[in-house]
Amino acid sequence: MRFKFSLSRWQFFAWVIGIVLITPLCFLLFESLQGDSEVFSHLWDTVLWDYTRNTLLLILGVGAVSCLIALPLGWLTAYCDFPGRRQFEWALMLPLAMPTYIIAYVYTDLFDYAGPVQITLRNWFDWQSPSDYWFFDIRTLPGAIMMIALVLYPYLYLIFKTALREQSFKLVQASQLMGLSPRQSFYKVSLPLARGAIVAGLALISMEAMADFATVNYFAVSTLTTAVYDTWLGYYSLTAAAKISAIMLLILFLALAMERYSRRNQAVFERQSGVNSETLYNLTGKSAWLATGFCCAVLFFAFALPVAVLIGYAVSYAEQAWNSAFFLYAWQSFKIAMIVSAITIVLSLFVVFYQRIAKQAYPLIPGRLASTGYALPGTVLAIAVLLPLSLFDDKLNTWLEPMGFSPGLLLSGTLFAIIFAYVVRFYAIAHGAVEASFMRISPSLDMASQSMGKSQGQTLRKVHIPLLRRGILTAALLVFIECMKELPAALLLRPFNFETLATHVFQYVSDEQLELASISALAIVVVGLVPLYFVNRSMEQRS
Amino acid sequence: MKKTLAILVGLVVTAPVLAEEAVNIYSFRQPFLIQPILDDFTAQTGIKTNVVFAKKGLIERLKREGKHSQADLVLTSNFSDLIQLEDLALTQAINSEAVNANVPVSFRDADGQWIALTKRVRNVYSSKERVGALPHLSYEELALPKYKGKICTRSGKHPYNLGLVASMIAHHGEAQTKSWLEGVKANLVRKPQGNDRAQVKAVKEGLCDLALGNSYYFGKMIEDPEQKPWADAVHINFPNQDNRGSHINVSGVVMTKYAKNPENALKLIEYMTDNKAQNMYASVNMEYPVKPGVELSSLVASWGSFKEDSLPLDEISKYRPLALKLIDEVKFDL
Chain S
1 MRFKFSLSRW QFFAWVIGIV LITPLCFLLF ESLQGDSEVF SHLWDTVLWD YTRNTLLLIL
61 GVGAVSCLIA LPLGWLTAYC DFPGRRQFEW ALMLPLAMPT YIIAYVYTDL FDYAGPVQIT
121 LRNWFDWQSP SDYWFFDIRT LPGAIMMIAL VLYPYLYLIF KTALREQSFK LVQASQLMGL
181 SPRQSFYKVS LPLARGAIVA GLALISMEAM ADFATVNYFA VSTLTTAVYD TWLGYYSLTA
241 AAKISAIMLL ILFLALAMER YSRRNQAVFE RQSGVNSETL YNLTGKSAWL ATGFCCAVLF
301 FAFALPVAVL IGYAVSYAEQ AWNSAFFLYA WQSFKIAMIV SAITIVLSLF VVFYQRIAKQ
361 AYPLIPGRLA STGYALPGTV LAIAVLLPLS LFDDKLNTWL EPMGFSPGLL LSGTLFAIIF
421 AYVVRFYAIA HGAVEASFMR ISPSLDMASQ SMGKSQGQTL RKVHIPLLRR GILTAALLVF
481 IECMKELPAA LLLRPFNFET LATHVFQYVS DEQLELASIS ALAIVVVGLV PLYFVNRSME
541 QRS
Chain D
1 MKKTLAILVG LVVTAPVLAE EAVNIYSFRQ PFLIQPILDD FTAQTGIKTN VVFAKKGLIE
61 RLKREGKHSQ ADLVLTSNFS DLIQLEDLAL TQAINSEAVN ANVPVSFRDA DGQWIALTKR
121 VRNVYSSKER VGALPHLSYE ELALPKYKGK ICTRSGKHPY NLGLVASMIA HHGEAQTKSW
181 LEGVKANLVR KPQGNDRAQV KAVKEGLCDL ALGNSYYFGK MIEDPEQKPW ADAVHINFPN
241 QDNRGSHINV SGVVMTKYAK NPENALKLIE YMTDNKAQNM YASVNMEYPV KPGVELSSLV
301 ASWGSFKEDS LPLDEISKYR PLALKLIDEV KFDL
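Line by line, the protein sequences are chains S and D.
With the numbering used here applied, the first sequence closes on residue 543, and no number is skipped along the way.
With the numbering used here applied, the second sequence closes on residue 334, and no number is skipped along the way.
Take these hints with a grain of salt, some might be off.
[Claimed, not checked] Between beta-carbon pairs, the in silico distance windows are: (1) D:ASN243 to S:VAL117: 40 to 46 Å; (2) D:GLU182 to S:LEU68: 54 to 60 Å; (3) S:PHE13 to D:GLU182: 57 to 63 Å; (4) D:PRO145 to S:ARG195: 52 to 58 Å; (5) S:GLU38 to D:GLN84: 16 to 22 Å.
[Said to hold, decoys possible] With the C-beta cut set under 10 Å, the calculated list includes, among others, these residues of chain S facing chain D: (6) GLN87; (7) PHE111; (8) TYR113; (9) LEU386; (10) LEU391; (11) SER412; (12) THR503.
Calculated from the structure, these hints are not laboratory results.
Beta carbons: idealized from backbone N, C-alpha and C, even for Gly.
All chains, please: the whole structure from these sequences, using the hints.
See below:
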């Protein structure tokens with residue numbers, strides 16, 4: 001009897017979370033059903049195909065480049081020993097703290113026709129005009145793919161590396177006893193075992209790439225997100241914009257559902273949940289240098305170079321870039337990021353735990369519902385959040401006014417709006433990371449705990465959470481850094497006179513004068529690094 | 001855990017207490033551009049200004065907040081936002097003799113639903129070295145085959161370009177504007193990208209000979225030591241001087257329908273249209289004041305006087321959706 005009660009309680013929590021987090025999107029979809037479809041059919045006749053093609057190419061490109069960077073890095077740092085491995089292991093996460101709109105700005109400034117690199121080349125070789133030589137054009141689709149992949153690959157790297165770490169070496173060793181080379185055992189053992197983790201990482205990356213507006217807009221690449229903004233702000237049709245958002249979400253759902261279906265009969269559990277602290281291969285000579293060189297190159301392009309450029313700006317524009325309110329902005333960014341990480345972790349634990357213990361049909365639905373917000377472009381999500389919140393505020397005021405209270409915009413006019421928007425947007429990250437870690441805990445542990453008379457809540461607290469520590473820390477870190485960088489929702493939903501580092505940077509970036517906000521831009525990166533350091537230390541201590 | 005969270009959230013979320021004597025502003029213009037003016041207003045009147053700045057979505061936010069909105073004023077950077085606010089019935093009439101005396105009829109709504117604050121011209125910059133000054137140039141000529149591979153511009157969908165295209169439709173009709181757009185697109189040296197400054201930079205580097213850009217960027221670039229060489233490499237031309245005059249866009253202000261501090265808001269509007277603030281717009285931001293007789297910055301004055309296109313802004317604004325449609329049809333940005 002008791003068992004039944006507790007089960008339905010988890011079910012209740014999970015569904016409530018799923019429904020609350022999908023509410024903004026439902027309001028938006030409701031919006032898409034009203035009004036005319038003239039704008040939409042005009043787009044259909046003209047540019048929508050180009051936009052769709054660009055979006056698909058962007059997602060595929062970013063996914064492919066991220067795999068090329070992250071999978072070798074994950075395997076190298078998890079299984080191989082080479083000079084600098086311990087430092088690289090955490091340093092390779094650094095690019096995550098770099099907002100895409102900043103790295104795009106910096107690289108354009110460097111590699112544009114009117115940028116220092118091409119000017120120097122023209123001076124050296126005495127070229128006069130663009131027809132005298134060929135140089136790659138950074139403001140193109142491939143350029144955008146490279147920029148986005150350079151800062152998003154750490155998602156895949158982190159989740160993949162954690163998965164490899166938690167895989168038993170015995171399987172790899174067994175495969176080698178059976179005559180497989182290291183390369184073969186990577187393809188035949190490690191990679192298939194980590195497939196769930198790879199997909200989780202790629203799903204996050206593709207959602208973020210799909211929702212990106214700042215970078216593609218800056219690079220003059222028109223994607224479906226561009227169409228969403230055009231229809232909303234140009235044609236003044238939120239309806240058509242909502243329709244296009246719906247198409248984007250549909251594409252994504254189909255892709256994820258297909259992937260899930262293709263591994264419907266697989267389940268991967270580890271017998272021992274220990275973590276490998278040793279490495280499997282000791283690289284020497286040429287291969288060691290190659291490994292170190294590869295890590296260095298990635299770090300250089302994704303982090304060191306842009307940071308150096310920012311420091312350069314900060315030095316030459318120090319006077320204008322310094323702002324006394326700057327510590328306040330940093331604190332406000334930090335505070336919101338902490339709160340949102342905590343909330344998303346707690347929520348995702350509830351939902352993922354329900355998925356695990358559910359005996360009812362469709363246990364995955366609450367999590368899927370809750371994760372949808374990540375794929376929406378930021379400003380559209382902000383509006384979607386505003387729809388239910390302002391409706392609630394309006395009803396509340398109408399209800400309370402006869403009693404002499406007027407709370408005003410209690411939810412939509414305060415920080416609640418930003419926090420709620422962030423939770424809706426970043427829940428998916430926490431869910432993905434926690435779920436990937438949960439999947440590797442063998443169900444036999446749950447059974448053992450139950451057979452000893454522990455309730456499910458106790459099992460979660462005493463058995464799962466300690467084993468999930470890495471997954472939880474990873475999730476918290478990812479959400480925290482995303483919150484630090486987040487721009488559109490903060491910009492639109494903030495109360496008066498409220499600035500985060502990102503909104504402060506934006507007022508200059510929007511005028512293409514990042515130089516004047518370079519110190520704040522550096523601060524986004526630095527504050528993002530603080531939790532990276534602590535999480536990394538805490539993980540090291542464990543192993 | 002949950003309790004701690006709830007307390008934390010409660011602490012952070014408590015509504016900001018806004019000072020009694022204040023004006024709350026939703027601004028499409030970057031705070032650093034308007035802050036000196038707002039600061040001077042506060043110094044003179046003791047009325048505090050609170051700002052939320054965003055480039056997108058503020059109108060939607062205002063609309064959704066309805067009568068509970070705290071915003072008293074909206075500052076925009078182009079006329080289509082002003083007219084959109086009016087169309088959505090989010091504004092209220094500004095009845096002030098002072099404002100009416102400061103701002104000519106053509107730069108405010110007949111009922112006072114919106115007021116323009118500054119003017120900016122859609123100029124064509126030309127390379128000093130390769131082209132020279134073009135005093136007789138027209139927007140129409142940008143589509144001529146002789147400029148093939150010579151022109152740079154930002155996205156056709158940017159409000160400044162949309163305004164220009166809408167004014168072309170107003171003057172020449174849809175079909176002619178479409179073929180004009182096709183002609184301009186064929187002349188572009190690269191697909192539209194960057195902002196107005198980036199186009200001038202590209203002229204300096206020899207990528208293109210002509211670039212579309214707003215007038216005040218030119219002044220701002222001359223002031224920036226890093227960007228001065230770019231500006232020095234180009235002439236600023238005022239198109240269509242031989243016929244209808246150059247296309248004008250405006251920045252402006254509306255008072256929101258449910259403004260909670262209408263008196264203070266009105267004071268700020270009056271202040272912004274009066275000599276001192278108009279002069280600051282001119283000298284700090286290199287814009288053209290709407291109030292006649294206010295002195296231009298010496299730099300802006302040095303570009304000479306010019307003829308403005310006199311077609312009313314709400315007339316042009318009608319064609320904005322069509323302008324966007326044409327830009328999609330000719331795939332201007334792709």
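Hint check:
| no. | hint | in the structure |
| --- | --- | --- |
| 1 | D:ASN243 to S:VAL117: 40 to 46 Å | holds (44 Å) |
| 2 | D:GLU182 to S:LEU68: 54 to 60 Å | violated (40 Å) |
| 3 | S:PHE13 to D:GLU182: 57 to 63 Å | holds (59 Å) |
| 4 | D:PRO145 to S:ARG195: 52 to 58 Å | holds (57 Å) |
| 5 | S:GLU38 to D:GLN84: 16 to 22 Å | holds (18 Å) |
| 6 | GLN87 | violated (34 Å) |
| 7 | PHE111 | violated (13 Å) |
| 8 | TYR113 | holds (5 Å) |
| 9 | LEU386 | holds (5 Å) |
| 10 | LEU391 | holds (8 Å) |
| 11 | SER412 | holds (6 Å) |
| 12 | THR503 | holds (8 Å) |
Taken one by one, the earlier hints fail for this structure at numbers 2, 6, 7, listed in ascending order.
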